[in-house]
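Participant: The lines below spell out each chain.
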Amino acid sequence: MAGTDTGVILIASGQVEPDLARTVQRMGGYRSVEIGLLGANGSRAQADVRLAAARVAASGAHRVLLIPLLTAAVDDRFEAALDEAVMELRAEHPDVEFIPVRSGILPDEHARLLAAALVRAEEGSAEGCTVGLSVLSAGQQAVVQRLCGCNEFISQMAALGFVPGSSVDVVQNYGTGPLIVSVRGGRLALGREEARKVRVRVAGQPAYCRRRFGRPWRRVMRRGRRHE
Amino acid sequence: MSDRELSIALAGQPNVGKTTVFNLLTGMNQHVGNWPGKTIEKKEGSFRRNDTRYRLVDLPGTFSLTANSPEELIAREYIILERPDVVVAVIGAATLERNLYLVAELLPLPTPVVIGVNMVDVAEREGIHIETDVLQAAVGVPVVPMVATRNQGVAELLEAVEAVATKRFPYQPRLPQIRPDHLAVLEEMHRLIEPAVPEPYPTRWAALKVLEGDREMTRLVRDRLSPEQWEAVHQILLAHEDAVVAVASGRYDWIGRMIRAAMVKPRAGQVTLTERIDRVATHPLWGMALLVLVLVAIFGVTYTLGTPLQGLLETGVVRPLASWLETTLAGGPTWLTGLLVDGVLGGAGMVITFFPILMLFFASMGLVEDVGYMARAAYVTDRFMHRMGLHGRSFMPLFLGFGCNVPAIMGTRIIESRRRRLLTILLAPLVPCTARMVVIAFLAPIFFPEHATWVSGFLIALSLLVMFLVGILLNRVAFQGEHIAFIMELPLYHLPNWRTIGLAVWHRTREFVSKAGTIILLVSVVLWLLSSYPGTTLEQSFLAQLGLWLEPAGRLLGMNWKLLLALLTSFFAKENAIATLGVLYAPGAGGSGLAQALAAEVSAASALAFMVAQMLFVPCAATVAVVRQETGSWRWTLAGVGLLLVISLLAGAIVYQSATLVGWGS
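Line by line, the protein sequences give chains A and B.
All the letters of the first sequence, read from the start, carry residue numbers 1 to 228 under this note's numbering.
All the letters of the second sequence, read from the start, carry residue numbers 1 to 666 under this note's numbering.
Calculated directly from the structure, the hints in this document are not laboratory data.
Ideal Cβ positions, reconstructed from N, Cα and C, are used throughout, including at glycine.
Treat the hints with care, since some could be wrong.
[Stated by the list, open to error] Derived coverage of chain B by chain A (criterion: at least 3 residues anywhere in the stretch with Cβ under 8 Å from a Cβ of chain A; other residues may be distant): (1) 59-72; (2) 294-307; (3) 486-493.
[To be verified] Not close to chain B: a few residues of chain A, all C-beta gaps over 10 Å, as computed: (4) G14; (5) L20; (6) G28; (7) S32; (8) L51; (9) R55; (10) G60; (11) H62; (12) A81; (13) V143; (14) V163; (15) V171.
[Unchecked claim] Derived CB-CB ranges, DEER-like: (16) B/L530 to A/T176: 52 to 60 Å; (17) A/E193 to B/R215: 21 to 29 Å; (18) A/V143 to B/R279: 19 to 27 Å.
Okay, chain B solo, but in the shape it has when bound (with noise of 0.2 Å):
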């Protein structure tokens, strides 16, 4: 019995739970990579039914196929130059109209195209009945009916991908037509590129690219044609400025002629369910009050959760597993003990004991964003993102960073703007991560028992007070203050789906621990070494060596060589603040130690300029690698590493300097 290998492509534009469709047909099989020399999301997955292996590829959402941005221009490269055998396109019913033109789009491609109408289930809610039999038979392409969410329908899309991969189905579809006023000049515009048209581009497709301005296929053609042949397409160009709105209008009027039958719109005047929440929740006031409320209910839980689950892990798992290790190896060398306890342990450990409240935190936000309601949330936070150079969507990777900077920074590739998207990923190591929090929940209580709340709070406060500044000045100075468009869709709300969200979870997790686990990992191990020779007490090891040099620096911001090693080490990973004073204060005393120790020998001036620089620090190793990958520059990595660095000695030297006035010194 010999295999047939199907490829699909996975097209759609945003929001259409295009996702959800992949995630049920691949499962966990599947594969997340860049597409080559790009910061976009591939996904790859394989799954087998009946004979047929299929390869799924997950094109990038889009609105169009014209390459006005990367994503654009990889759907349809891939779709032209790859050659998949079908192309699925996704569309949700609620939005059929609109979705319709990315139809529209790929239709008059070489590649024969299968309708999937997803979210059928959200629509009817929203009074819009579609009758995908008649849409089928005005489009002449299968179109089959979804509810991903509940598995309905997939059966019948992959039945319907056979019946046209196979030529069963008669696939003939009805192309949308350029507005008939602009007819003549496309016909003139084909004329005049048609030798010039590279392989295995279809002619007449790229003569109406050409008229819509497409810069990727201008570009191409014109390299192909003599100057005098495209004086005359320039010509063509300059007369016809309008040409791509006669292009979309042609496709926009192709698109109703589907629809005049079978679509059935609600009753004029009917108060649908995403307009009523919509009412509150993009209300400039109450949309902000309820933010607020959204934004407090996720850290509740996370924390309330979480922060048990963390004692649970630590004295049910970590420490259990040191001392079975030193039992074990209590006869064996005792730097293979150091090493494996201190080093090892302790930073697996810490990642480890990070997890309930990172998943927590992931699994809150994608509940948040599941549902539709980022793009609310967006739409409220627009008013004040916008002083900063950066609009609403520019929100939601800022607040993951709540939990880990990681995602956060990989997260602002929803930002088509790469000045924004740059401004972002600097911006966004100022939000406080899970690591810089705990820090700041452990030495809070010790430095300041009657205020620590207080304290936490100014802190936390200070830090985005900070970021908001730092983007005011960015925007003026480096980015000249640009306007940004904003142009943003606000999906309708429907039920979460626990499986995307678990995959997001999963994959946000992963994240973590692919970037920042096994650098901390690696740090730890680095850490003991450096801490543990040569000699043997800590006075006498390089980490001290080093500390001790770099003193009369640390004298302006009120810390000793403890301290600065302490905010140093928290390059590697935030957390490392705790272990290295732990290390440095009370070897071998545990937390209670470490707490009177600490007490006893650091001022309140000192312990708070050093709460202070700890949180605007340097973002960590993983965050700068994260930022390196992202921006593809190490100028502007060092530029806003160079940034933190000035900010947060200077921030960190100001508190010592006036908290020494008011007699906090001693």
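Chain A extracted, bound-state conformation (with noise of 0.2 Å):
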């Protein structure tokens, strides 16, 4: 688990959502998360890097996780940037230890992950493309595909209507505390780590599938969902 002595700096090479760095704050529990542009285009982005990790260091992490964003074009180039940057960087806070960190996604594989969720989009295939129902905002419908969870919660569940097939409504979801959902004309509360549980597919919508990007990436697409 993230410490709290622990911030990151998300390295990027273009346009930022700017809720991106308080969202993987807050996902991953750092004590802060700043964004830093790094280049192919010289010193001032370089530069940005720097203020990146003067800010999270004067928040009072002892340790810096930087993570290329997947949007960042990694090659070669960039790479050496980075290293460069990892390196003037540990010089200029002698006590702060920089961890330079690979996102495991290179830009091929990042390419074919994205064509392979557009063939299964087209295909509508549905296993392995299902989201939890408790990513879904107010008004959106789905369908449940199905239940995670111990036998116990999986007949509770069944019983109260959450059967693959069934069309779930949205009623209510502010992003924390219990949702409210509408199943089989039943309106239900439903804390989020049950509605986590529920898999379904969003009707209307490609399934394209985001459960097999990374972390990070993931809660980001939720984070934009969010109702409100």
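Put the two chains together into one complex, using the hints given.
Facilitator: See the structure below:
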């Protein structure tokens, strides 16, 4: 688990959704998360990473993870620039540990994932392309695919109408606290954890699979779909 | 003319108005007890119609008949083992689809089923129309539309029960089937376990339950199979873990076929009344504000109406009775007068004067519950209840505690998880009940004439804060922050039914009288004995000796032996604190004399420490008895009592010491 003495710098090479840093921080429980621009366009971008590092260090983080965003063009030049930046930062903040992290998704792999998702969407394959009910926002409708959890939970939920093929309406979801959903003519309050275990496919939307992406990405997708 | 007897079991999912139907049929002629060996309410009643005597048993409200909870087990064991003549399944018209799931579970059992579609009016308001004739033709069992709150359809329901019992109705139910892809598995399972299913369980039904992962049925079958046979069953279960979903799917497919022609749903996009209210009532912010408003209203009504009534009872009934007793017994021995007037009437009078406040509180609670708001209160409070390791469902019983802790602890029965229930039971005594409020309302103006409201508010807030902290702590330590599933139905709003509310008030008041009332009466007699003997003055009595013996311990809290004794006697009943103070400080002087004596003799620091300790002190004897009854464990009961004892004395000591520091000591 992430300690609270850990900070994160998201290394970007272009436009970044402004909420991203805050979401990653909340999800991972980091002390602070900043965005640092790094790219081919020379010293101005380098300075941005140094500013980000200064902010993270000032927040009291003793360990800083640097991770390139999925949208960053990760190539040899980018990696070299990142290594150089890390050396500089170590010299600048001797008592802070800087650790570069690979997101584990290389550019061609990224492309392959996108392609696969598109293929699945066009084929309308259900398996593996489900999301938890908890990520849906109010007013969205979905179809139950399967239930996760222990037998007792599944049995209880199935009795309430959460069986494959049932249509579920999300009545209320404020992003925290329990949801209100409507299934099989009944209105239910459902804890977030329970809602997460109900795997659904959103009606009327391509079934591209969010599950195969890295965790932060998935969380970001959720954030964007949040009600209010 | 010989009477026929018909036994009916009333089954239904929660929130379908099953209780209303039960009350309507049996009236006051009902008996409330527990199911054998369980702390689950069993309601039985009987009534007579034409030449037939009906015995009615209200089964616990359950969503299904799979033994995931004791309620579900009780319901199906009763139907299978006790064999009632007819099962009446009450379903809500507005939630027909989900409610029919229980019917799908009931039909394969040997007892014939009659379906009562209740709350047709509520459904119509939400734009849902049910063709009961079509449903009856589809299911093949009698279906009767009802509005139980307005006594509509009940006669027709009984007519249908008669028709089924006398075989006048061609009873041919169409049964749900397992999803086709699991049919072969079910056949295989049936073949394997058939010889091992004990009488009188239907074998095919048992095979279905084993396939569903039903623990009770699996255990029964396993005990009767050889290890090799069981291994074969076990292999099937392992290979078909999703069978539970297939069975449930089969039932919902059946439901889909049943209602296709029988139900007209509201047009898409139509905003129903419930949705409109819920936009406010379940909003994280407005919902909370509404809840506060509702609570303020409940307390407002209870105390503004209840307090004058209480005074009226005191001056109009209790006092005249006491003086009448005194004059009547004037010639008799003094001990008899003392026993009857101070002992018996003192206790009984106290119980009587609590009636108006308690009944008003229970009535306003009942109203809020009956219209369907309580589930919303549970929903919005879930966020902070979570921090205590509880969920919204615990809110209702805890809130009931403001009236009396006894029904509050009985009310925890609605919480399914045993751990959550235990935690709620341990926390419930920290909710200041009417009796404690009365003590505070009496003492605060005496000790702090200028700031009485603030002091009272502080004490209530402190009590709730302590509850919150203890909850967080217990959850971390004793329950290790285990995750709690939160699944709760939000029923549709509907107009209140005065009969249901009245009966709820009656049941809760009776709990108070039978549990708290008798103990209060008993204790006030014992207390009177202890304070009157031996010797002639109070200083020589047993009570005084006990107090003096404890005095060194009380010094830390700034309490002399009189205050300590008042605290101790509050264990028997919270309001005893006032009575004891009255006896000790101003014997025979009455209320105003006591006020002067207290104000003169007790320092502000001691007074505050006393009130804090009194507020948090161990629950009253009646509550302890109910805690024991509901937890079924002396260990938990004593742990709870010990915990509160430590907390209250600690809090009292802290308050006294800090108040002394700021100079309130003299």
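Participant: Would you check chain A against the region 294-307 of chain B, counting CB to CB pairs closer than 8 Å, and say if three or more residues qualify?
Facilitator: violated (count 0)
Participant: Lying within 21 to 29 Å: is that true of the beta-carbon distance A/E193 to B/R215?
Facilitator: holds (23 Å)
Participant: Under a C-beta cut-off of less than 8 Å, do 3 or more residues of the region 59-72 of chain B approach chain A closely enough to confirm the stated coverage?
Facilitator: Contact hint for the region 59-72 of chain B vs chain A: holds, 4 residues under 8 Å.
Participant: Is it the case that A/V163 keeps its Cβ farther than 10 Å from each residue Cβ in chain B?
Facilitator: Violated: least Cβ distance 4 Å, not greater than 10 Å.
Participant: Beyond 10 Å from every Cβ of chain B: is that where the Cβ of A/H62 lies?
Facilitator: holds (27 Å)
Participant: If I take the minimum Cβ distance from A/V143 to any residue of chain B, is it greater than 10 Å?
Facilitator: Check passes; 13 Å lies beyond 10 Å.
Participant: Is A/G14 truly not at the interface, in the sense that its beta carbon sits beyond 10 Å from all beta carbons of chain B?
Facilitator: A/G14 clear of chain B: closest Cβ-Cβ about 36 Å, beyond 10 Å.
Participant: Over 10 Å to the closest beta carbon of chain B is the bar; see if A/G60 clears it.
Facilitator: holds (26 Å)
Participant: So does B/L530 sit 52 to 60 Å from A/T176, Cβ to Cβ?
Facilitator: holds (55 Å)
Participant: The output says A/R55 does not contact chain B. Does that hold with a beta carbon cutoff of 10 Å?
Facilitator: holds (32 Å)
Participant: At 10 Å, judged by beta carbons, does A/V171 keep clear of chain B as stated?
Facilitator: Since the minimum Cβ distance to chain B is about 7 Å, A/V171 lies within 10 Å and the statement is violated.
Participant: Okay, A/V143 versus B/R279 on CB: inside 19 to 27 Å?
Facilitator: Between A/V143 and B/R279, where Cβ atoms are some 25 Å apart, the hint holds.
Checked against the numbered hints above, the structure violates hints 2, 14, 15; every other hint is satisfied.
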